[in-house]
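Could you build the full structure based on these sequences and the hints that come with them?
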Amino acid sequence: MANLAKGGSWANHLINDSNSDASYSSEAGGYIMRKLLIMSILIGFLYSSSFVSGQEEEPVLRIYGTVEEPLNITYSQFLEFPMVSVDASVICVGAPPEALGANSYEVYTYNWTGVRVTELLEIAGITDSAMEVVFRDNTRYSSSLTLEELDNPDIILAIYADGETLNRAQGYPFRLVAPCYWGYKWVKYVERMEVVDYDYKGFWESHGYPDEALIPDCTYTTSNPQVFTSISQRLIAFGIILVVASILNAGYEIRSA
1 MANLAKGGSW
11 ANHLINDSNS
21 DASYSSEAGG
31 YIMRKLLIMS
41 ILIGFLYSSS
51 FVSGQEEEPV
61 LRIYGTVEEP
71 LNITYSQFLE
81 FPMVSVDASV
91 ICVGAPPEAL
101 GANSYEVYTY
111 NWTGVRVTEL
121 LEIAGITDSA
131 MEVVFRDNTR
141 YSSSLTLEEL
151 DNPDIILAIY
161 ADGETLNRAQ
171 GYPFRLVAPC
181 YWGYKWVKYV
191 ERMEVVDYDY
201 KGFWESHGYP
211 DEALIPDCTY
221 TTSNPQVFTS
231 ISQRLIAFGI
241 ILVVASILNA
251 GYEIRSA
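Note that my numbering gives residue 145 to position 145 of the sequence shown, counting from 1, and the numbers run on in steps of one.
Keep in mind that the hints were calculated from the coordinates and are not lab data.
This one's a predicted model, so the numbers in the text were calculated from it and none came from an experiment.
Where hints are given, some of them may not hold.
Unchecked claim - Across the chosen pairs, the derived CB separations fall in these ranges:
1) Tyr198 - Thr165: 33 to 39 Å
2) Glu58 - Tyr220: 29 to 35 Å
3) Ser76 - Pro216: 37 to 43 Å
4) Asp199 - Tyr141: 17 to 23 Å
5) Ser206 - Ser89: 32 to 38 Å
What the hints assert, rightly or not - Straight-line Cα separation of at most 25 Å, DMTMM-like style, residue types lysine to aspartate or glutamate; simulated pairs:
6) Lys201 - Glu164
7) Lys201 - Asp162
8) Lys201 - Asp128
9) Lys201 - Glu148
10) Lys201 - Glu122
11) Lys201 - Glu191
12) Lys201 - Glu149
13) Lys201 - Glu212
14) Lys201 - Glu106
15) Lys201 - Glu68
16) Lys201 - Glu119
17) Lys201 - Asp211
18) Lys201 - Asp154
For every residue, glycine included, the Cβ atom is placed at its ideal position computed from N, Cα and C.
So, in structure tokens, the structure goes:
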């Protein structure tokens with residue numbers, strides 16, 4: 001780089017250098033490596049800052065209450081967690097409490113992908129007095145599950161449905177996925193997870209719906225137990241860049257021989 005600065009243009013440098021071919025190969029290879037390094041940094045930035053287009057502020061998940069370490073997890077940080085996927089159906093009850101189980105509900109099924117709730121709680125460190133986790137959205141809606149109920153690896157906080165980022169109707173940014181529980185337990189737009197030491201009654205539960213919302217004779221299929229995190233994707237992209245750089249650099253060396 002110092003020689004280039006003193007010699008002026010690329011053309012002058014090549015004319016004045018007695019080892020022009022070898023120098024060109026070395027400088028060109030270095031130039032390509034620098035460009036590809038910049039590309040890899042940009043790729044990493046795009047992955048780390050990716051969230052739904054048009055969102056003015058990046059979503060943040062708060063985990064607090066009877067925990068050892070309250071957490072504020074940004075959407076970008078959430079993407080770094082190892083994720084799992086599960087095929088599960090949301091059964092949205094459209095009947096009065098006494099009619100649960102009647103043919104008056106809506107069903108839709110997705111392959112949901114997200115982070116296990118148990119892993120999030122493990123990071124926060126729940127205390128001995130903890131009993132339930134309350135999932136709250138950005139309005140006044142909430143519902144809860146006991147720690148015993150949450151001891152299920154297929155209960156996740158999802159950010160994808162069928163491989164696509166959740167849209168608003170599906171519950172963006174975070175949606176609780178609780179297979180074989182009635183839909184009112186599947187809280188959308190989750191912003192806060194509060195760990196409490198008492199028997200909490202959520203919105204519908206306080207209006208007469210059962211707190212134990214398991215669906216009788218329910219089955220679902222677990223699939224894709226491990227998916228790529230954004231860290232994995234960045235490493236793969238960087239590996240591809242290095243391979244391409246090696247090939248291009250080898251090509252310049254062959255030309256200069």
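Here is what the structure says about each hint:
For the pair Tyr198 and Thr165, the beta carbons lie near 35 Å from each other, so the given range of 33 to 39 Å is met. Range check, Glu58 to Tyr220: about 31 Å between beta-carbon atoms, so the 29 to 35 Å window is met. Taking the beta carbon of each, Ser76 and Pro216 are about 40 Å apart, inside 37 to 43 Å as hinted. The hint said 17 to 23 Å for the Cβ distance between Asp199 and Tyr141, and at roughly 19 Å that hint holds.
Distance hint check: the CB atoms of Ser206 and Ser89 are about 25 Å apart, inconsistent with the given range 32 to 38 Å. As the CA atoms of Lys201 and Glu164 are separated by approximately 32 Å, the hinted pair breaks the 25 Å bound. Straight-line distance between C-alpha atoms of Lys201 and Asp162 comes to about 31 Å, which puts the hinted pair past the 25 Å bound. A hinted pair counts as satisfied when its Cα atoms are at most 25 Å apart, and Lys201 with Asp128 qualifies at roughly 21 Å.
A hinted pair counts as satisfied when its Cα atoms are at most 25 Å apart, and Lys201 with Glu148 qualifies at roughly 16 Å. About 24 Å separates the Cα atoms of Lys201 and Glu122, which keeps this hinted pair within 25 Å; it holds. A C-alpha spacing of about 18 Å is found between Lys201 and Glu191, which places the hinted pair at or below 25 Å, so the restraint holds. Between the alpha carbons of Lys201 and Glu149 the distance comes to roughly 15 Å, so the proposed pair stays at or under 25 Å and holds.
Restraint check for Lys201 and Glu212: satisfied, since their Cα atoms lie roughly 11 Å apart, inside the 25 Å limit. Of the pairs offered as hints, the one joining Lys201 and Glu106 holds, with about 24 Å between alpha carbons and a cut-off of 25 Å not exceeded. Of the pairs offered as hints, the one joining Lys201 and Glu68 holds, with about 24 Å between alpha carbons and a cut-off of 25 Å not exceeded. This hinted pair checks out: Lys201 and Glu119 have alpha carbons roughly 24 Å apart, not beyond 25 Å.
The hinted pair formed by Lys201 and Asp211 meets the criterion: a straight-line CA distance of about 7 Å does not exceed 25 Å. For the hint pairing Lys201 with Asp154, the CA-to-CA distance comes to about 23 Å; that is within 25 Å, so the pair holds.
Hint violations for this structure: numbers 5, 6 and 7, all remaining hints satisfied.
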